[in-house]
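Just so we're aligned: 330 in my numbering is position 294 of the sequence shown, and the numbers increase by one with no gaps anywhere.
Among these hints, one or two may not hold up.
Claimed, not checked - Using C-beta positions, here's what the derived DEER-type ranges look like:
no. : residue 1 : residue 2 : range
1   : W230      : K271      : 38 to 44 Å
2   : E59       : F231      : 32 to 38 Å
3   : E198      : S425      : 23 to 29 Å
4   : P318      : R116      : 22 to 28 Å
5   : P119      : K381      : 27 to 33 Å
6   : E59       : A329      : 28 to 34 Å
7   : E72       : Q313      : 45 to 51 Å
8   : K271      : S314      : 36 to 42 Å
9   : V109      : Y243      : 22 to 28 Å
10  : E235      : D335      : 43 to 49 Å
11  : T298      : S425      : 28 to 34 Å
As the list claims (entries may be wrong) - Mimicking DSSO-like on lysine-lysine, the simulated pairs with C-alpha atoms at most 27 Å apart in a straight line are:
no. : residue 1 : residue 2
12  : K83       : K220
13  : K61       : K192
14  : K86       : K220
15  : K192      : K164
16  : K271      : K446
17  : K381      : K220
18  : K271      : K220
19  : K422      : K83
20  : K188      : K158
21  : K422      : K381
22  : K188      : K41
23  : K79       : K41
24  : K158      : K61
25  : K79       : K446
26  : K83       : K41
27  : K158      : K83
28  : K381      : K446
29  : K79       : K381
30  : K446      : K422
31  : K41       : K422
32  : K188      : K164
33  : K381      : K83
Treat the hints as calculated values from the structure; they're not laboratory data.
No residue lacks a Cβ here, since even glycine has one placed at the ideal position from N, Cα and C.
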Amino acid sequence: MSEQKVYILGGYQTDFARNWARENKHISAMMREAYEGSLMTTKIEPKDIKAAFIGNFAAELYCMQGHLGAFFVDFDPAFRGLPAMRFEGACASSALAALSAMAHIQAGLYDCIALMGVELMKSVPAAKGGDYLGTAAWYERESAGVEFPFPKLFGKLGDVYEARFGLDDDYLARIAAINYANAKRNPNAQTRDWFMSYEHACTRGQYNPSVSGRIKVTDCSQITDGAVCLYLASKSFAEQYARRCGISPDALPYIAGWGHTTAPIEFAAKIAESENQSYVLPWTRRAITDAYARAGIADCWDLDAIETHDCFTTSEYMAIDHFGLTPPGQSWQAIEDGVIELSGKLPINPSGGLIGCGHPVGATGARQLLDAYKQVTGTAGDYQVKDASRVATLNIGGTATTNVCFIVEK
């Protein structure tokens, strides 16, 4: 039996350049802004919303607040009694919330679900925040007592590529420069006003210090406060919504395919498991190919753009060959040939990605889906990919422990 289509009706992203802790605002204020902004952009009415699913990684650590789903009930009197729940899967938290929302819609339980991702991260010093992020790995074995554990772990991903295939760090610098350049076009991107050039990304020193091994500051995603709220809906509700808005139902994007896998939590275990396989992270590859199969597409060349999880330049380098732009280990070819640039054959991270746009951990999966919606509806503004009609997202949690891929199309 084929799965019922689940439609995306649009949504709202907060400005990722804001520092909500400095503004002395509670995480619920960020959630409320995302919600109220989403009503304005979509014309969804509170009575339309039958459930709220919240993705968040570590609010208990960053702001001493759990039970986030309950805050949604305060946003409108109509929400008293509304089913609301929170999902956690490290950096893939809101992608998991989206998967669950899809399942509830396909089961016929709800017609319209508010999907929200949120993280407030600037409430603590960088070193403390790095320690909190270490809980997305196996903390005792990989993070305890380690300063900034995730740059080290994703630096090791580059080391594996270098050992198996060879890796020139020049290509990592090009990835950073492309994402920063794309972010300058995005009015909600955290780094839209930052200086960046390819030459700067290549430099190692006072203005671009090493964080760990091959990972420099410019290779890292941002510490970000942010929230995103969007709406997933059944076909019947989407058709009603389209009539109400005076648009064709065919203009509404839907999730055509998805993939979800979970690998061993320890990075070393992942690498040992892939020792004699083609791909460095085979479970990430599996999530992508499962999404292709469910969407009925042959390969990446049936896509018009990709929003991928570039928590570090090494994770985007990995995504290039895992999506199939090149044979395994040859990601440099797509960078060298300009394939992944905004005007290239298959742009990656037109939004700026996590490096350029920002990475509020629990909100990233929802932000990627919202940007995929914008691309296929032609509403991405200055970072619009020409004639985009099918976009993939890849959201990973931990060191590609949780892998979620979506294909969004019109």
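- Where does the structure disagree with the numbered hints, that is, which hint numbers, in rising order? As far as the earlier hints go, 2, 3, 4, 5, 6, 9, 10, 12, 13, 14, 18, 19, 22, 27, 29 and 33 are violated by this structure, in ascending order.
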